[in-house]
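Chemist: Protein sequences, first through last, are from chains S and C. Note that my numbering numbers the first sequence so that position 29 is 29, with each residue one more than the last. Note that my numbering numbers the second sequence so that position 585 is 838, with each residue one more than the last.
No lab work stands behind these hints: they were computed from the structure. By construction, the Cβ of each residue, glycine as well, lies at the ideal position given by its N, Cα and C atoms. Hints should not be assumed to be uniformly reliable.
Which chain C residues face chain S? A few, computed with CB under 10 Å, are given here [claimed, not checked]:
hint	residue
1	K666
2	V673
3	R676
4	S679
5	S680
6	S681
7	S927
8	F930
9	A931
10	T935
11	A942
12	I943
13	G944
Away from chain S, derived, C-beta distances all over 10 Å, residues of chain C [what the hints assert, rightly or not]:
hint	residue
14	Y458
15	V598
16	E732
17	I809
18	L975
Now the in silico label distances, taken between C-beta atoms and shown as ranges [unchecked claim]:
hint	chain 1	residue 1	chain 2	residue 2	range
19	S	D72	C	R637	46 to 52 Å
20	C	M547	S	A121	54 to 60 Å
21	S	R194	C	K265	38 to 44 Å
22	S	D69	C	M547	37 to 43 Å
23	S	E129	C	R637	42 to 48 Å
24	C	M547	S	R80	31 to 37 Å
25	S	D69	C	G668	29 to 35 Å
26	S	N178	C	K261	40 to 46 Å
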Amino acid sequence: MKKAILSAKGVCKSFAHGGGQVHVLSQVDIDLYEGDFTVIMGASGSGKSTLMYALSGMDRATAGEIIYDGEDIVKMSEKRLASLRCSDFGFIFQQMHLVSNLTLFENVVVPGYLNKEKSAAEVKARADELLEQMSISHIKSHLPSQVSGGEQQRCAIARAVINEPRLLFADEPTGALNRKNTNDVLDLLTGLNRSGQSILMVTHDLRAALRAGRILYLEDGGIIGELTLPPYDLNEEKSRETQVNAWLSSMHW
Amino acid sequence: MEIAALLKANIKHKKGSFISVLILAFIIVTTAAASFGVRENYIDAYERVQEAADLGDAGCIIAERLLTDELMEQVKSSSLVERVNVYDAIDRMGDTYINGNRDSNSWFFEEMRDGLKLVNPEYDGLEAEIPPLAPGEIYLPTGLRAKLECDIGDTVSAQFAGGVHEFTIKGFVEEPSCGAMMMGWKQVFLCREDWQALREAVAPYETDTQTSFFKIVYAFKTDKEMSDAKFIRELNLETGIVSKSVGALTKDQSTNYTGLFLNIVLYVVIGFVLVLFAIVLVVIAHGIKTETEMDFVNLGILKAQGFTSGRLTRVIMLRYVLAELIGVVLGIIASIPLERILSSVFKGITGIIPDKSIALLDAALLVIGMLALSALVVFLATRRLSKISPVRAISGGRKEIYFNSRINAPITKRGLNFSVAYRAFSSSVKRYLGILFITALLTYFAVTVNVMGAMTDSRAALEAMGAGIEDLGINYMNEEAVDHFDEFEEIVQKYTDIRVKRYTVHVYYSLNGENIITQINMYPETIPGLLKGKLPLMDNELIITEAVAGALDLKIGDKVTVEGKKLKAEYIVSGIYQTMNDAGYSMAMGIEAAKRVGSRYVGYLGMCLEDASKREAIAAELREKFGDIVEVYTFDYDEEMSGDVTIIAARAFRIVIYAFAGVFALVAVMMVCSAAFAQERTDLGICKAIGFTSGRLRAQFTLRFFIISLAGAVLGAIAGSLFSESLLNLIFGMFGLVRVYTVNTAMTYISAAAFICICVSVFAFIASRKVKRVEIRELVTE
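Looking at chain C on its own, in the form it has when it is part of the complex (with noise of 0.2 Å):
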């Protein structure tokens, strides 16, 4: 009952770090719970999604004509697989077109099969059934809506060998394996009619080496144990069917390329709370100290009544998991909302429509952890209530608060403010630490989110890590374009200089039986994203990456053996590198290693061009003289880039992330400085006796907090520096990057360092309006 009735007296005069702390676990239980539940929902749904469609455990695109019933029989019959689906599909021969928005990466036309699910036109549900197509009407996956921005009703424009034909989107389906945004290949749906009739009219144009004509494999793995790494690898090793295919992907390919994205981004936010709730505890510990300073009369009275330590303590850590419970309460209620956006941000990138559950496990173990976590800080934090003796206390016996310190300046006329501010910091800096530390933490964040941002926005952060990106692209639309190479080059050359030469041509090979997507370069010196060792620029040299090199248990001198459609041949490995392509899982090599297993040219140029503004023109001249056989694109960073919905949403992410930081900064400060203010309450009357304006007061009261914030941004940018990019490359790895390269500027981290300085002055000068009630009567001891 005592308990009771304290409890309630302390939250009432302490309900300045009471609102705080509930704002704070508000902010971190909205955020994760958001977050979790937006992963969950999201991997439900995808679960969902992956067993109606009944796709298999591997999936393999392989020629039609090189299916054969040998092939197929072998495959059924491996012990490995306990089953297998097959669908007929046409590829396209070119681009495809929707409301002017170019897509090049493959798309598979096949014929509407049982399993997938349309989704409702609000985008926000799933249709309980899916109606049949019509002639003209085509099916595709959602992940191509936010990508293309189409919508039902508009029309598809694809170029098949033979001509041109057109659909019109009748809707968007959850397709599991290959559906998201960021995916290479995209299957997509006619109705029986059409596509018997685009096969007929493709059909003549049929040949051995050009072929329209596919058939996507999916087996279903007998041991379920079995990774699907190994499942794929074995059965390539046993039928050869991967080494045959132009593709071949995993359902744990599936899930990790199609939840790219979002894992991310959670990630990063999970990281983002852990910091947060780290401030927490650093402005929950540093609240108590304060109190116990300030109250120490006060709490030698309650001990003097027969109060125990324990006690007392159990009031101050009931305060603060109350405070806590209302923000977890509060936050679980607010989570729901935030994930429903933020799940809407991310089924345009990953093409499932998720759950709408709450992620209830998940938060109460966060819940739980919260709360264990800051009992055990203020249990810590209280130790020092068993050091106030009644006597002592009451008699006003606590220890001086000032000492010498070796870092105090000395106070000059001229720079008044500033001395008066830098003494009263660097003659109590521990009381200070924590806003420190807070400070630190917060720009080492806004940090690591720049070094993100710069990442995914910075063209040559992309390129390092193995993003080919180009001005101009050339790609062959048939064999006959391999003999017009030179005249490509100088009509490039006529207008400008081609700073990088990027030919390249991408195909899957098989390495020691695991297919492997392998970019095969002219120029293999231009290759980027080299992490250890040396190019491949010898015919029997080819580089891997990290991911490969772990999977296949390789390293650098290793002898492996490649094989592609008809021939085989042993290279070394003479490198590590990373690359974007198959989010990490590849290999490259020159021209002249690639001829050794079948490979005569490469496909693509692309060149980056000493004056890129001459693209257009250099694309019209190449349109008009070669446009029948080449397709050529222009490329320009800055404008396609600003569309996209991926760097859209990690501009978003960086804005929330800063608004995070923001109110977290407002709230931790205001703390602070309320409790610093009641700790300097006196000497603030003293200076105001003494002739200091309440104006100087505050503004000597902003320098000090812009000392430590300036300090702690220092701390947090150097640590920025030091680890953003460790950090960073922890939660990449996890996908497949390697290394992440950064183009970070002296703007990375001053706009970090600025921004939390600002908001923690500015919010240090708002709270120190109290000053301004200060009265100088106060002093009076009567």
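Just chain S, with the same shape it has in the complex (with noise of 0.2 Å):
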């Protein structure tokens, strides 16, 4: 019996257009668990993105509940939330996201020093264990603006995961890389995952999606089929993507 780590329910989240209401959400219920590759698919402007800042505490719900370590995130306080973000969840984002003033080894670690549990020296060579595990340390003291996007999101990832999350959070990380750079990328997620991190990632990439053990699909604000596959395999890939094309399909994505 796997262990939740966050669970979700009744989750809405609208927000007020042209004098009315949009509803983006609706009532979804989602459990994510310990050492899980979760991804969640679904058209654009279905709301992955929004379920996904909504359940990371990017953003708030409208309604419903997220427990996190028997505490609600829709009602914790920003100072609280921040904390959050900060030691227990991770985030990648698309763009990146990248502090543009500061070095690739900066964005590194100052979420790390952010976090009181770990001194400077501890974050300092946590932050240089993860360049070198994403290849891009001899390009640590660079700005963001002068190395590529494939390497601005590795710095991301390590970023992401400096203060060793609980919980990572993606989205959509390789919407804005090439192939190549993609590769790269899922492999460092299908690293980490391996090494226990549990994963949220929000795609509508194929190749992405079947880096996954579980697949959600996403439609009108609601979670309307599930997904669950083995472990991933490279030599099974072919396989895999059949069985997701066919499910997808079934979803009539």
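Mind assembling these two chains? They're in different frames, but the hints should get you there.
Modeler: Pasting the structure below:
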């Protein structure tokens, strides 16, 4: 029996628009489990990014509850949410969103410094280790504007895991990358998951979805399907692709 | 049409910068138009008063017995002179008191004459008619009202030879020749009966050495193109009338002295307005640069639709010009009440009730200048629009903003907020140059105002500039006092040592034909304010001010002729000094030198005491023993200066300048902060996403502006320490003070820098409240 890290029930999100309300999420229930690599797929505008932002505490749900460690994220104070984003959750954006005036190394260490549990020396050592792992240690003193998109995204991954988060959120992490960089990033995420990192990723890229052990399909603000897969194995990628494709077709993707 | 539509949208979306420029223009126009109005209204009123009073181009106050028929005839028949007006006057012998306030300056009591205007009881206008005086009543010049804090119905007690006479103030008149608060002579007016009774009462005490009867001779020059200074000099060379007078004053000098304080303050205000306008231009240039960066894509789209760079420039220019125009209109409206308030402050000092018109021509010129310069800045700042290619813009091809910087410092865990804030600053210094420049300018001006305040408010500075300020003064009432000189000093030294002995007398001597007030010193080594050369320690030396040197074309080492009432002698100019006497048109020499032209003794012993607290006890003993031959004054600098109208006005002026600097800092910072905030919105979102709280981000934002303002304030303070005195020298130089001495402490600079830093930081913190509204979901790109 898997242990749920995060459990959401009846999550709704709506936005004011033109004097009325646009309901993006309606009554979404979802559990995220320890060690899982979960992917949310869906058409554009289906609300997958909105769901991810609500689950990660980056944005507040309009209604429902999102329980993490016995606490409801929806009701958390801004300070507590900031602490959660810093220590417990990691986040990877599609557009990388590195702080443009910090070097790659500094982008990685800053959230580490925010976390009070580790000393500066420990943070620096961990950052060096991660940058090495991401194969960008040789350009660690470069500014984001001086490196490629793939290198930026690797840096963003290193930043996201510097505080060893219990849950890593990735919002279309390969959306802005070319094929080569996409594979590199996906390999890194798969590697992290294999080492025990729980991941929730939003994507509409089939190749990215293949890395997941669990795929949820979102439509019109609600989860309408779920596919469970065995752990990813490169040798079985073809058959995995066929299976996922068939399932997605059944979802009218 | 399309420009109008774009302009409307532009104003709607850039209302922050629109309102900011509007407010800045409003402040500038309000201040400048009010200042111009004050000056113009004062000048108009003063010219009107001068014309009505018919006082001539030069006036001499001469002892009645010295103005012989022969001399009078010489003056009247001089080709230099068109006509002459002569008035009889009686000088008082001692001090004059009103409501316990003493005035030791000369008061010349005259019979009421035509041409004077009576100020209404509200002191904001003039009466149509001037009622005749009844016996016992007196009209005073308006400048005395503020100086002696008196009003209609108060009693004037004046000490004359033979006794004290009292009069009731019936009203205040505009007296243009020496009615201003700061001028040393005053002409006051009685009815014929009182004046004749006074003359009869004083007459028995009239001697050859001590006179109370004077004639005031006003001469009108034939050649209206000739300067007043040249006229009086040539008249004296021809007739000697000025050399025989106790004092002379030209119309130009009256004008200069009367408006001295007003002019100095207004020049400083105009200087401040220029600084503020420079800031507006910086803000506009900065705003355009930022909006070009922020709207890069939109501008590219507009270009793709056929908008030319010229059209886009016109839209931006129209927006700023429109904002300025609205600010200008509101500013001119607001300047009307401000002009009234400022005028009411200055009328107490000048003694002239100003007119109430608006300086439309000056304001119009100001507005045209402002708009033209702003348009030029907009034109220059929008040149980069031509470099935007539609394709490059739409594909987001703008240049990266951040670069490696040599002044970067490492990000550290300890002091994370500071290091991140500093990095934001160091990696895009150019973006902050505007606010750095603005902070430096505001600090520079605040320092200048502090320096000016320290100059007018500091005893040491006033002394350095030649204003003798003593703790104790002994004024001889008659020649008998000379024989008791040693006893006066003995009494003082019983209580405390005398730190500085400034034993002087002021008389008018003719220097190469020019009548100049001369400070005669028993100890010439104590003469303050020497600028060049050496003090006049020898009996053939004298020193002159630069104003005198300039007017008479003299330099150190030149031989000059000084003429007293009876004697004449040659001297050498040994130095150049400055003094506040006669607005800096003065000379000084030792008593031994003065004896050569007839002065025999000094009449005033001014003493700076080692222990100033003993002054009252000393004064009491001196009065007890020598009250019949000397007058004894004590002077508590702090107390006296706290009630001085000019000091109060200077302090109020400092507060106003600081308040304006604060408002300007507010608007400029809000504008720059908003732009920075818009540019950094994404970074703020990222920081929030990785765990920074809004509080921390606001602290960083504030810290960053604090760093910039600190750097700007330091630059401004350094500039202030280097150039403030020069600026004040330039302004004060126009009015006779050659060198401004200031007694600046660290606080002169620190208080100005701290004020600007705090303003900028507080306003940046307020502007950063928007950080709370940054949602991380804004980072989502579908």
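Chemist: Could you run down the list of hints and mark each one as holding or not?
Modeler: So, going through the hints one by one against the coordinates:
no.	hint	result
1	K666	holds, 4 Å
2	V673	holds, 7 Å
3	R676	holds, 5 Å
4	S679	holds, 8 Å
5	S680	holds, 4 Å
6	S681	holds, 7 Å
7	S927	violated, 19 Å
8	F930	violated, 15 Å
9	A931	violated, 15 Å
10	T935	holds, 7 Å
11	A942	holds, 5 Å
12	I943	holds, 4 Å
13	G944	holds, 2 Å
14	Y458	holds, 87 Å
15	V598	holds, 51 Å
16	E732	holds, 83 Å
17	I809	holds, 61 Å
18	L975	holds, 34 Å
19	S:D72 to C:R637: 46 to 52 Å	holds, 51 Å
20	C:M547 to S:A121: 54 to 60 Å	violated, 40 Å
21	S:R194 to C:K265: 38 to 44 Å	violated, 54 Å
22	S:D69 to C:M547: 37 to 43 Å	holds, 41 Å
23	S:E129 to C:R637: 42 to 48 Å	holds, 44 Å
24	C:M547 to S:R80: 31 to 37 Å	holds, 33 Å
25	S:D69 to C:G668: 29 to 35 Å	holds, 31 Å
26	S:N178 to C:K261: 40 to 46 Å	holds, 43 Å
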